[in-house]
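Reconstruct the complex from the two isolated chains, following the hints.
Same order as they appear, the protein sequences are chains A and B.
In our numbering, each residue's number is its place in the first sequence (first place is 1) plus 23.
In our numbering, each residue's number is its place in the second sequence (first place is 1) plus 133.
Derived from the structure by calculation, the hints contain no laboratory data.
The beta-carbon is built from N, C-alpha and C at its ideal position, and this holds for glycine as well.
Errors might be hidden in some of the hints.
Claimed, not checked - Quick partial rundown of chain A residues pointing at chain B, CB under 8 Å, derived from the structure:
(1) SER57
(2) THR66
(3) ASP72
(4) LYS75
(5) PHE80
(6) SER86
(7) ASP104
(8) LEU108
(9) HIS110
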Amino acid sequence: MKAIVTVIGKDKPGIIAGVCTLFAKCDVNILDISQTVMQDFFTMSMLVDLSKATVPFTELSDSLKAKGEEMGVNIRIQREDIFDLMHRI
Amino acid sequence: MHSQKEILSTIEMIDHQHLDVRTITMGISLLDCTSDSVEVTAKKIYDKITRLAKDLVKVGEDIEREFGIPIVNKRISVTPIGIVAASCKETDYTPIAKALDAAAKECGVNFIGGFSALVHKGMTNGDINLINSIPSALSETERVCSSVSVASTKAGINMDAVALMGKIIKKTAQMTADSHGFGCAKLVVFANAVEDNPFMAGAFHGVGEGECVINVGVSGPGVVYHALQKCKGQPFDVVAETIKKTAFKITRMGQLVAQEASRRLGVPAGIVDLSLAPTPEKGDSVARILEEMGLEVCGTHGTTAALAMLNDAVKKGGVMASNHVGGLSGAFIPVSEDEGMIEAVLKGGLHLDKLEAMTCVCSVGLDMIAVPGETSAETLAAIIADEAAIGVVNTKTTAVRIIPAIGKKIGEMVEFGGLLGTAPVMPVHEFSSADFIMRGGRIPAPMHSLKN
Chain A
24 MKAIVTVIGK DKPGIIAGVC TLFAKCDVNI LDISQTVMQD FFTMSMLVDL SKATVPFTEL
84 SDSLKAKGEE MGVNIRIQRE DIFDLMHRI
Chain B
134 MHSQKEILST IEMIDHQHLD VRTITMGISL LDCTSDSVEV TAKKIYDKIT RLAKDLVKVG
194 EDIEREFGIP IVNKRISVTP IGIVAASCKE TDYTPIAKAL DAAAKECGVN FIGGFSALVH
254 KGMTNGDINL INSIPSALSE TERVCSSVSV ASTKAGINMD AVALMGKIIK KTAQMTADSH
314 GFGCAKLVVF ANAVEDNPFM AGAFHGVGEG ECVINVGVSG PGVVYHALQK CKGQPFDVVA
374 ETIKKTAFKI TRMGQLVAQE ASRRLGVPAG IVDLSLAPTP EKGDSVARIL EEMGLEVCGT
434 HGTTAALAML NDAVKKGGVM ASNHVGGLSG AFIPVSEDEG MIEAVLKGGL HLDKLEAMTC
494 VCSVGLDMIA VPGETSAETL AAIIADEAAI GVVNTKTTAV RIIPAIGKKI GEMVEFGGLL
554 GTAPVMPVHE FSSADFIMRG GRIPAPMHSL KN
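Chain B with its partners taken away, still in its complex shape (with noise of 0.2 Å):
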């Protein structure tokens, strides 16, 4: 028998350290669905879905109790929906995107993306439908999320997709003005989008996936957070090796419900993606795992080097635990969503120019970042761009979900609720970048895209 050491170990992770499976994703393609009308395919969407995941949420369940793992999200992907309805005679999709809110209603789950479009070298008739459709869909449904990848590094930054997803977030966000711009909390732009990525906002399945595929999102900031705390001044080595171990028992866990999902609702397991998501609850942070390391405050001097290290060590540790590792896979800087950096941002330790700089060493990119309402859409735009540089020459996935916080002044918190947080209204540059953004046209790949 395991020693009792051991078992009380994991016992403490779950009760203590916030350790949980932050959602069991179930990908579904909805290639078969397309027909010349919207109404029609809506409903092929709606009657596939819900035949497929009626019994995602009960698995989840299940196996939660079985386990005695929290598995927090139960979600859904979808393929790009700028292709399925790339036949359809009409040119607005929100009809799709309020079937597709009604199926993860009846299924059960809170999210389901893929409200998507693929345009990162040029967009098609249906790619620019979907767009169009963005604000109205994501203001007249809830659980539907929606992203955009409008840049690759074989591809390059397209930036009139650029320069639309300014004006789309921005509509977005007037649209959704009662509640402070929600709409755009459920929008991301990405450069090198991934296609199996099992967390919200960007997930959604990729042509290049099977029919049906469980994702696994692991998340355990708490838990790492706990474990660098018997480490106390100690050197980088030790503090890597502790983060790899730590990492290695989240992983296993994550693997564990990946393939139980997939074993009961007999549908292949895809990959496990190795994230640290946190959580607005105390004790679920990565900056705290940052300041652990020995900063003040989240953002200060070193903040950069101490999350590329854990975003390494992350991805060490797990990537023995699973047999299959994708997604996003690393440390995830969602500012709203994360109490240290919430309050980081409030002593004022913590800027838009700092997180840039994060997002060049870890998963993701300027995430949950609440801005004041009246940024221009140049100026969304011109940080899209930056973003997608970023992603674009580092062969990284990076993305951009930026909330215009309508009626709100800088310093003003925005409140999302449950697990999206609460948000301080950061400051951007006050210069303008609406010459740049007006240019269009394409950046083109950068030279060590040429590897063939």
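Same shape as in the complex, but just chain A (with noise of 0.2 Å):
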């Protein structure tokens, strides 16, 4: 199953690492990654692969909004088909 993540907030160091370390952890694998940071505001959307991920997707969804408060960004994760059933035929 692939998802997309989406980090949104104020720009600041170290947002990537934190939530590519959890990643590293739970076997999540990263297929593709962009960035902008406009005036001090970052957004962020990654696809990810969970196919080998060694937590259940309602988990990792939990650990990623801890870690997103953490940083004091909103971080969240949605399965990758509401973004292709919305914007493709």
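Spelled out as structure tokens, the structure:
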């Protein structure tokens, strides 16, 4: 299963590192990543592969949320299907 | 990978424009729950519902978390109880309503629909018992919703049933007088009722449906409103196109949820209902969409045309996004549940007569309207007859969900709470319709029902 992870919030050092470390611990593979910073506002989206993930989706979602709160940004993970269906015919 | 713009636009819709799936409704057939006793029937019903719907709420919540889409309501609809209980020797079906209520609580759903009767041509003994049980059923339960079909394009208007429903609405209001007639917020009178509607209070599981089915109702007035803000001053061709594109996106999400829920519950997916269902929250209003098109207040001249276009564009956009479209599919205009409608009434810009005109071009009817508590049963029946006529002649669903607000005067507010919102008490015509309603009988089906 593939999912999209989005991180939105005020830019500061270590955001990507924080998220990537968490993924490495859970065997979540990052397939693609893009980020922009506009006037200190950080947005990042990642495509990740969860087929070998060692934790269930809901647990991963909770850990990411907690990580986001710790870093003062909003992190969410959503299955890729929603974006496929909404933006592609 | 998707562009960041696409990803962020979806997140923006969910976070700031109230995009949600309004309801996952599990339809359950109760045709195998009949018996000659109300008590036995009630037990069979409770057992069947709690067996089939035990995972409904959990599955809904799981989907919500995995896809990041709020699913506001999880609900159940059942075979009209007027049919299921017809073989019972007792005439009071309230114990069955209580069993439905208990099953809804056990499963964790907030409403259960189907305390219903289909009497558009005539009433069986079971139907009469059901209708007479409505006031006590709605006053003694919390989550049960009731509906009665009194007219159809094929059968005409059952004016005996219309007259009876005027009295039943009045009695239901009186029996729930302590909450200013709240019972009536859970009671809908239909013309051309649909068998697969996932929305309350009018949902029931039609007899043409299968054993168990998942129907999904999407929403999204806030998303359409935001999309229209980007085409200020543009011609209607652009407005219609924008609404279509938005409706497509909203509906695709509903389709995805329907498929997932169906797969996880092991129950066939029925339909996706493409509706714009408002909530009392700011930014989630159908009235504000109409105003965004250039009307100073919803209800002024031009409102019917604006709503007609909105309703049509929503369907055109949504129909390609789902493999089976059904239910009511269109824009809803429930006054108490729409922040913009409430304000329009309070400003004196929206009246009952204009709302009636609006129901000619959208998916439902006079919905969640509070009228003075002293409104007569005959006037209530006449309001139902007018709506039924619109539905029958235009071959569309219409409905009346009207609340005689006991103890409240015109202009006062009635608080229902939650998604049901707040209704300003609206005036009705003072002149009598009593002799008209007293005639009874059946208004024949219109000429264009003879299509064979």
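Against the structure, the hints:
1. SER57: 6 Å, holds
2. THR66: 7 Å, holds
3. ASP72: Given a least distance of 12 Å, the restraint on A/ASP72 is violated.
4. LYS75: 18 Å, violated
5. PHE80: 6 Å, holds
6. SER86: Nearest chain B Cβ about 13 Å off; hint violated.
7. ASP104: Holds, because the Cβ-Cβ distance from A/ASP104 to chain B comes to roughly 6 Å (cut-off 8 Å).
8. LEU108: A/LEU108 check passes; min Cβ-Cβ to chain B is 4 Å, inside 8 Å.
9. HIS110: 5 Å, holds
Hint compliance for this structure: hints 3, 4 and 6 are not met, and every other hint is.
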